[in-house]
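My request is simple: use the sequences and hints to build the entire structure.
Protein chains in written order, with our numbering: chain Y, 1 to 566; chain L, 567 to 758.
Quick caveat, the hints were computed from the structure, so don't treat them as lab data.
Where hints are given, some of them may not hold.
To be verified - Covered stretches of chain Y (in silico footprint by chain L; criterion: 3 or more residues with CB under 8 Å from a CB of chain L, positions within the stretch not fixed):
(1) 17 to 29
(2) 60 to 73
(3) 215 to 229
(4) 297 to 304
(5) 394 to 401
(6) 462 to 474
Unchecked claim - Once the Cα atoms are required to be at most 30 Å apart in a straight line, the calculated DSS-like pairs of lysine-lysine come out as:
(7) Y:Lys413 - L:Lys734
(8) Y:Lys74 - L:Lys610
(9) L:Lys691 - Y:Lys58
(10) Y:Lys413 - L:Lys608
Idealized CB from N, CA, C, for every residue including glycine.
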Amino acid sequence: MNINGKAKVQNTYDAIVIGSGISGGWAAKELTEKGLQVLLLDRGRNVEHIKDYTTANKAPWEFAHRGRLTEAQKESHPYLQRDYPYSEFNESFWMNDNENPYTEKKRFDWYRSDVVGGKSLMWGRQTYRLTDLDFEANAKEGIAVDWPIRYKDIAPWYSYVEKFVGISGNNDGIPHLPDGQLLPPMEMFCVEKEVKKQLEAKFKGRHLIIGRTANLTQAHLGRGSCQYRDMCSRGCPYGGYFSTQSSTLPAAMATGNLTLRPNSLVDVVIYDEKKGKATGVKVIDTENNEMVEYYAKLIFVNGSTLGSTFILLNSTSSRFPNGLGNGSGQLGHNLMDHHFRTGAAGIVEGYDDIYYSGRRPNGIYVPRFRNLGNDKRNYIRGFGYEGSASREGWTRGIGAPGVGAGFKDWLTKPGAWKLGIIGYGECLPYYENQVTLNKNLQNKYGQPTLSIDAEFKENEKKMRVDMMNDAAEMLEVSGLKYVTPFDDGCYPGMAIHEMGTARMGHDPKTSVLNSFNQMHEVPNVFVTDGSCMTSSANQNPSLTYMALTARACDYAVKELKKGNIA
Amino acid sequence: MKITGLLGITLSAPLLAGLLTSCDAQQKKDKKANGPLVASAKHKELISQIAEIIIPDTSTPGAKAAKVPAFILLMLADCYTYSQQEAFFAGLDALDATAKEIYGTGFLSCSPQNQEALVVQEENKTLALAKEQAKTTEKDILPFFSILKELTLVGYFTSEIGASQALKYVAVPGEFHGSVPLQPGQKAWAVS
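Now the structure itself:
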């Protein structure tokens, strides 16, 4: 493609942001607010806030299959159909797996969206800070490479993004789960309050707190308060939770500096060997399959961990034959995800005369307590628990014996109070857990695809024993009855917290990005999604991606103004 | 998704979707992809009658009024493999044959008492079988009664009639309170 002068000017921006999910939305907001003309690209179709949330106000009976997938949907979505996130309630937000295949050298459940806003529309919204317990762990234990930042570097940026995101929660004063800029917390269920009291009295140093969630408990920056419908993943017509659409995109649009281009699948980042910099991107227009080029001084790669890694691996040149900025050979390696699906649940007796009202889109949280202080286990790192109380409803009839009037009457009354917790464990960065380009398998657009080869190893397996047994012990000691431990098994990808394949580090020889998420070897390219993570910690990671993005934008624009990167 | 079903956790998972997917997640893909079977008039009658026995008309309308039979047929056609559908209709036929054996007439001509006795017997048989199978390997094909009962409950309690008459449905709660006195006779929430 030969672009003449005029077209080149028309297709030139100050900055290009690849991907409009939770971190790309932040990059677009920060860069436009700093005065840059920004082109925001997303491979997916446009989803406009409120207008395109087509299922958001539907009652259960307005779904023909009441949420369940059809055989045809299972056929077209062989990976996504493995677990609950892809359902009739929000099926149009997800990617067609068959048009975008990948190869599983080992099982990897890859949850991909295909809309503007990305997974920020469907995310779980739990938001916790990392601390130096996390940032120092690799260096102290000699694992992988050291994080090039410490808590003090990111703390102000956590505060900065929290103020805008709107996170409800309690400042609990726990050293390794720092307080933040939080909106009023949601309430606990009666039985959660009781279990909190028992657990904290009987296990010194352990805490049971209300979840910190990016749902608004009061109106915030023009967005409405959560209405307790618990249908977040369909898109919220009240703007009650943080997403690109509800929050960062309107802010970026308001500057007048943003151009959003949906249906734009980035093929490669263009690298100019003479300048030693990236000059733009090649984009496949998914509506007509035409290749278009766009140019900019600054490029932010925010295409999701594996999406971004694919683009970088696919961007080869004689300077970078193995992928852009991949002199270290680390690009695509060190893939991590949290491991979960193990914990315990039980019955709470004595609260039959207490009920609740509203559907809380949030749970309880038990922050990490293992390998803290003097506690030493036969594994390193730790885990936290997410959980919730609930009171059984009609669904207890499935699998229970009974038919007729008495059975029906029983199911119209509330059942037992339950409470359960599920561990979310840290996964170590293993070099051999990796993704590679597969040129033998192409997607619908003729691009190569990813081959994924990752597994949980001994440290995770040992940790899972504690994750299950500690849960059961805490619930039993806290007075629950019929406590059932469980481990339903876990494969990488399932937690949808994939990260680490373009890690940050001090040394260009062993890492892809520097302490500001800038490519060591390509100074005008920044990567600020989950691929930048040097370790996974055990906390839900999105807040960290947002804080790192805002911090990187601040640095990038300063460098741009100093003339250091353009 | 067993986790969500077990705990009733709604952190990021709609409970309903979880419950519904859990039942067929174990089912292997049907390689034949023959499409839906067509239910006979008699099959439709049997489904309708058994659904109403499970959830009858009481002080609130029953399964038939809530259009549960049509829902079951739609679900069978769209959401189950061909071989699962075959097994389902074969199960219905077997129940009809059992009725003839015991009462000398087909299920639909049996008295209401005998119909209910047949359904209870079928459920006991299914539960015993499930216990037996739980000890062995994962099963590909579910017994017809466990599907019929599940779809009856799902179809009824997520219908407009079931959710807003037998249960209490609030589209926009607006607030959350974690501790509220349970009123005498208070109905359970349709969506937990």
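Task: Per-stretch coverage check for the segment 60 to 73 of chain Y, three Cβ contacts closer than 8 Å to chain L - done: Three-residue rule met by the segment 60 to 73 of chain Y, so holds; n is 11.
Task: Distance restraint between lysine 74 (chain Y) and lysine 610 (chain L), which requires alpha-carbon spacing of 30 Å or less - done: holds, 26 Å
Open item on the list: Three residues or more, CB to CB closer than 8 Å: is that satisfied between the segment 297 to 304 of chain Y and chain L?
Closed with: violated (count 0)
- [ ] Given that the segment 394 to 401 of chain Y was listed as covered by chain L, double-check it with a C-beta distance under 8 Å for 3 or more residues.
- [x] holds (count 6)
Open item on the list: Tell me whether the statement that chain L covers the segment 17 to 29 of chain Y is true, taking a Cβ distance below 8 Å and needing three residues at minimum.
Closed with: violated (count 0)
Task: Given coverage of the segment 462 to 474 of chain Y by chain L, checked by CB-CB distance under 8 Å (3 or more) - done: With 0 residues closer than 8 Å to chain L, the segment 462 to 474 of chain Y misses the three-residue bar; violated.
TODO: Below or equal to 30 Å on CA atoms is what counts here, so check lysine 691 (chain L) against lysine 58 (chain Y).
DONE: violated, 38 Å
TODO: Compare the distance between the alpha carbons of lysine 413 (chain Y) and lysine 734 (chain L) with 30 Å, and conclude whether the hinted pair is satisfied.
DONE: Holds, at about 10 Å.
Open item on the list: How does the segment 215 to 229 of chain Y fare against chain L when you require at least three residues with a CB closer than 8 Å, holds or violated?
Closed with: holds (count 3)
Open item on the list: Run the distance test for lysine 413 (chain Y) versus lysine 608 (chain L): straight-line Cα separation, threshold 30 Å.
Closed with: violated, 34 Å
Taken one by one, the earlier hints fail for this structure at numbers 1, 4, 6, 9, 10, listed in ascending order.
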